[in-house]
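Protein chains in written order, with UniProt numbering: chain F, 1 to 148; chain Z, 1 to 73.
Hints should not be assumed to be uniformly reliable.
[Claimed, not checked] A short, non-exhaustive set of chain F residues, derived as facing chain Z with CB atoms under 7 Å: (1) H7; (2) I11; (3) G27; (4) F46; (5) L57; (6) V93; (7) I96.
[Said to hold, decoys possible] In silico lysine to aspartate or glutamate, DMTMM-like type, Cα no more than 20 Å apart, as pairs: (8) Z:K7 with Z:D28; (9) F:K23 with Z:E53; (10) Z:K57 with F:D63; (11) F:K105 with Z:E19; (12) Z:K45 with F:E131; (13) Z:K56 with F:D102; (14) Z:K65 with F:E131; (15) F:K105 with Z:E50; (16) Z:K65 with F:D63; (17) F:K6 with F:E86; (18) Z:K65 with F:E142; (19) Z:K57 with F:D41; (20) Z:K65 with F:D141; (21) Z:K56 with F:E101; (22) Z:K57 with F:E56; (23) Z:K56 with F:E56; (24) F:K54 with Z:E53; (25) Z:K65 with F:D41.
[As the list claims (entries may be wrong)] Estimated spans, in silico, between C-beta atoms of each pair: (26) Z:G15 with F:G84: 20 to 30 Å; (27) Z:G27 with F:N120: 42 to 52 Å; (28) Z:Q52 with F:D72: 49 to 59 Å; (29) F:G84 with Z:E53: 24 to 34 Å; (30) Z:Q10 with F:D102: 17 to 27 Å; (31) Z:K56 with F:S44: 38 to 48 Å; (32) F:K10 with Z:N39: 18 to 28 Å.
Think of the hints as simulated: they come from the structure by calculation, not from any bench.
Everything numeric in this text was worked out from a predicted model, so none of it was measured.
We put the CB at the ideal spot given by N, CA and C, even for glycine.
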Amino acid sequence: MIVETKHFGKIEMQEENIIIFEKGIPGFEDIHRYGIISNEDPESPFCWIQAIDKPELAFALVDPFAIKKDYDFELSDENVSALGIEEPSQVAVYAIVVVPEDISKISMNLKAPIIVNTNNKKAAQIILNSEKYTVRHFIMDELHSQGV
Amino acid sequence: MLVLSRKKDQTIMLGDNIEITIIEIQGDQVRIGINAPKNVPIYRKELFIEIQEENKKAASIGIVKFDNIIKNK
Numbered sequence: 001m002i003v004e005t006k007h008f009g010k011i012e013m014q015e016e017n018i019i020i021f022e023k024g025i026p027g028f029e030d031i032h033r034y035g036i037i038s039n040e041d042p043e044s045p046f047c048w049i050q051a052i053d054k055p056e057l058a059f060a061l062v063d064p065f066a067i068k069k070d071y072d073f074e075l076s077d078e079n080v081s082a083l084g085i086e087e088p089s090q091v092a093v094y095a096i097v098v099v100p101e102d103i104s105k106i107s108m109n110l111k112a113p114i115i116v117n118t119n120n121k122k123a124a125q126i127i128l129n130s131e132k133y134t135v136r137h138f139i140m141d142e143l144h145s146q147g148v
Numbered sequence: 001m002l003v004l005s006r007k008k009d010q011t012i013m014l015g016d017n018i019e020i021t022i023i024e025i026q027g028d029q030v031r032i033g034i035n036a037p038k039n040v041p042i043y044r045k046e047l048f049i050e051i052q053e054e055n056k057k058a059a060s061i062g063i064v065k066f067d068n069i070i071k072n073k
């Protein structure tokens with residue numbers, strides 16, 4: 001299908017790249033369908049999700065493990081069943097990225113990762129109980145601290 | 001909104017399986033104990049609002065060449 005995007009004009013979106021947030025994303029509870037726009041560079045940890053029905057709404061995402069190697073959390077049984085997850089290999093994890101005016105302060109939200117069941121395309125932004133993570137981890141600091 | 005008065009060690013039940021107990025009252029702070037099934041998510045409302053606000057910020061960003069950011073750090 002053809003999707004009007006915030007940043008890339010009209011693009012062809014494959015059905016298999018469309019994910020459904022049944023509860024929306026906090027702050028955008030009414031928007032449910034998003035399309036994943038992968039980075040042209042397959043090595044890049046960044047990608048976008050574009051709201052299918054709202055061209056002006058898009059989020060930049062990052063693979064959190066690419067930035068913070070020791071990121072870990074446990075999915076609650078509730079999340080596992082809500083998303084219909086049957087095995088770990090079905091799970092894709094993303095962190096939402098914020099880019100402020102000072103681009104060196106680019107941050108990602110590790111407290112509330114986006115979980116996608118790649119089999120049935122159900123997605124949710126879940127809130128972790130862990131106190132280890134916050135909504136704002138500075139990506140540059142994480143990269144420096146790991147010597148990347 | 002329902003408003004109730006409770007004293008220390010008193011409990012409120014929400015439905016059959018959620019209990020909220022006042023554990024301690026000190027000045028303007030109250031310690032609360034919550035007994036609820038594991039599948040009921042519980043978090044501070046500030047955290048939920050913080051996540052909403054962070055998402056709104058995330059949604060307002062322009063196009064960014066991320067890979068340049070990382071490479072030029």
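Hint check results:
no., hint, in the structure
1, H7, "4 Å, holds"
2, I11, "13 Å, violated"
3, G27, "4 Å, holds"
4, F46, "4 Å, holds"
5, L57, "6 Å, holds"
6, V93, "16 Å, violated"
7, I96, "5 Å, holds"
8, Z:K7 with Z:D28, "14 Å, holds"
9, F:K23 with Z:E53, "17 Å, holds"
10, Z:K57 with F:D63, "19 Å, holds"
11, F:K105 with Z:E19, "42 Å, violated"
12, Z:K45 with F:E131, "15 Å, holds"
13, Z:K56 with F:D102, "17 Å, holds"
14, Z:K65 with F:E131, "31 Å, violated"
15, F:K105 with Z:E50, "18 Å, holds"
16, Z:K65 with F:D63, "16 Å, holds"
17, F:K6 with F:E86, "34 Å, violated"
18, Z:K65 with F:E142, "19 Å, holds"
19, Z:K57 with F:D41, "25 Å, violated"
20, Z:K65 with F:D141, "19 Å, holds"
21, Z:K56 with F:E101, "15 Å, holds"
22, Z:K57 with F:E56, "13 Å, holds"
23, Z:K56 with F:E56, "12 Å, holds"
24, F:K54 with Z:E53, "19 Å, holds"
25, Z:K65 with F:D41, "11 Å, holds"
26, Z:G15 with F:G84: 20 to 30 Å, "26 Å, holds"
27, Z:G27 with F:N120: 42 to 52 Å, "50 Å, holds"
28, Z:Q52 with F:D72: 49 to 59 Å, "25 Å, violated"
29, F:G84 with Z:E53: 24 to 34 Å, "30 Å, holds"
30, Z:Q10 with F:D102: 17 to 27 Å, "50 Å, violated"
31, Z:K56 with F:S44: 38 to 48 Å, "25 Å, violated"
32, F:K10 with Z:N39: 18 to 28 Å, "42 Å, violated"
Consistency with the previously given hints fails for numbers 2, 6, 11, 14, 17, 19, 28, 30, 31 and 32, ordered from lowest to highest.
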